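Peer 1: The lines below spell out each chain.
Number of protein chains: 2
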Amino acid sequence: AEEPAKVKTCVGCHGQGGHSVVPNFPVLAGQHAAYLEKALKDFRDGFRHNATMQMFAKGLTDDEIKALAAYYSSQK
Amino acid sequence: AEEPAKVKTCVGCHGQGGHSVVPNFPVLAGQHAAYLEKALKDFRDGFRHNATMQMFAKGLTDDEIKALAAYYSSQK
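Sequence lines, in order, name chains A and B. Each step along the first sequence adds one to the number in this note's numbering, with nothing skipped, and position 64 is 64. Every number in this note's numbering is 76 more than the matching position in the second sequence, counting from 1.
Bound-form chain A, shown alone (with noise of 0.2 Å):
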């Protein structure tokens, strides 16, 4: 899938196409876009703990978290 904007936001930590270098961050490149979507939901909507995820996903619309899944489920 193609690269949505906000991609930018994530690479700092996941790294280009989700391939993070930094073992706290996890790899995202090929990681089901449902288990992302999830992930990003519950980051956006209290449901997951951690501070940084909680601050990035929250203003996110779900089209752009469907996008961001898509993308990085996408990468091999």
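No lab work stands behind these hints, which were simulated from the structure alone. Note that the coordinates shown come from a computational prediction; the quantities given were computed from them, not determined experimentally. Where is the CB? At the ideal position from N, CA and C, for every residue including glycine. Among these hints, one or two may not hold up.
[Claimed, not checked] Simulated pairs of lysine-lysine, BS3-like, Cα-Cα distance not exceeding 30 Å: (1) LYS58(A) to LYS152(B); (2) LYS38(A) to LYS152(B); (3) LYS41(A) to LYS117(B); (4) LYS152(B) to LYS117(B); (5) LYS76(A) to LYS84(B); (6) LYS82(B) to LYS66(A); (7) LYS114(B) to LYS6(A); (8) LYS41(A) to LYS114(B); (9) LYS6(A) to LYS142(B); (10) LYS58(A) to LYS114(B); (11) LYS76(A) to LYS134(B); (12) LYS117(B) to LYS66(A); (13) LYS134(B) to LYS114(B); (14) LYS58(A) to LYS117(B); (15) LYS38(A) to LYS66(A); (16) LYS142(B) to LYS76(A); (17) LYS8(A) to LYS134(B); (18) LYS152(B) to LYS8(A); (19) LYS8(A) to LYS82(B); (20) LYS152(B) to LYS76(A); (21) LYS114(B) to LYS66(A); (22) LYS76(A) to LYS117(B); (23) LYS117(B) to LYS38(A); (24) LYS84(B) to LYS38(A); (25) LYS142(B) to LYS38(A); (26) LYS134(B) to LYS38(A); (27) LYS114(B) to LYS38(A); (28) LYS66(A) to LYS41(A); (29) LYS152(B) to LYS6(A); (30) LYS41(A) to LYS152(B); (31) LYS8(A) to LYS114(B).
[To be verified] Far from chain A, by Cβ distances over 12 Å, these chain B residues were calculated: (32) TYR111; (33) GLU113; (34) PHE132; (35) LYS134; (36) THR137.
Fit chain B to the known structure of chain A by using the hints.
Peer 2: Quick look at chain B alone, frame taken from chain A:
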């Protein structure tokens, strides 16, 4: 890393070698060991909420968690 005995409990959802085929269950193969350790400890210690995962993580020792995380992160 070699396959810990406890892996048998994970295979049902996360698949052989952590190659989950069910989209709600995350792929574990190739994920960072530090991230997997944190996730398992958070589930075990109640910092991250998922009924199934909390049940499975409940009895795990730190060593078992380390072995599981090492095993899955080493899967291609």
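Peer 1: All the hints need checking, so say for each whether the structure fits it.
Peer 2: So, going through the hints one by one against the coordinates:
no., hint, verdict
1, LYS58(A) to LYS152(B), "violated, 33 Å"
2, LYS38(A) to LYS152(B), "holds, 24 Å"
3, LYS41(A) to LYS117(B), "holds, 22 Å"
4, LYS152(B) to LYS117(B), "holds, 23 Å"
5, LYS76(A) to LYS84(B), "holds, 27 Å"
6, LYS82(B) to LYS66(A), "violated, 34 Å"
7, LYS114(B) to LYS6(A), "holds, 26 Å"
8, LYS41(A) to LYS114(B), "holds, 20 Å"
9, LYS6(A) to LYS142(B), "violated, 34 Å"
10, LYS58(A) to LYS114(B), "holds, 23 Å"
11, LYS76(A) to LYS134(B), "violated, 33 Å"
12, LYS117(B) to LYS66(A), "holds, 28 Å"
13, LYS134(B) to LYS114(B), "holds, 14 Å"
14, LYS58(A) to LYS117(B), "holds, 25 Å"
15, LYS38(A) to LYS66(A), "holds, 10 Å"
16, LYS142(B) to LYS76(A), "holds, 26 Å"
17, LYS8(A) to LYS134(B), "violated, 37 Å"
18, LYS152(B) to LYS8(A), "holds, 27 Å"
19, LYS8(A) to LYS82(B), "violated, 38 Å"
20, LYS152(B) to LYS76(A), "holds, 12 Å"
21, LYS114(B) to LYS66(A), "holds, 26 Å"
22, LYS76(A) to LYS117(B), "holds, 28 Å"
23, LYS117(B) to LYS38(A), "holds, 20 Å"
24, LYS84(B) to LYS38(A), "holds, 25 Å"
25, LYS142(B) to LYS38(A), "holds, 26 Å"
26, LYS134(B) to LYS38(A), "holds, 23 Å"
27, LYS114(B) to LYS38(A), "holds, 18 Å"
28, LYS66(A) to LYS41(A), "holds, 10 Å"
29, LYS152(B) to LYS6(A), "holds, 29 Å"
30, LYS41(A) to LYS152(B), "holds, 28 Å"
31, LYS8(A) to LYS114(B), "holds, 25 Å"
32, TYR111, "violated, 5 Å"
33, GLU113, "violated, 9 Å"
34, PHE132, "holds, 17 Å"
35, LYS134, "holds, 19 Å"
36, THR137, "holds, 21 Å"
The structure fails hints 1, 6, 9, 11, 17, 19, 32, 33 (numbered hints given earlier, in ascending order).
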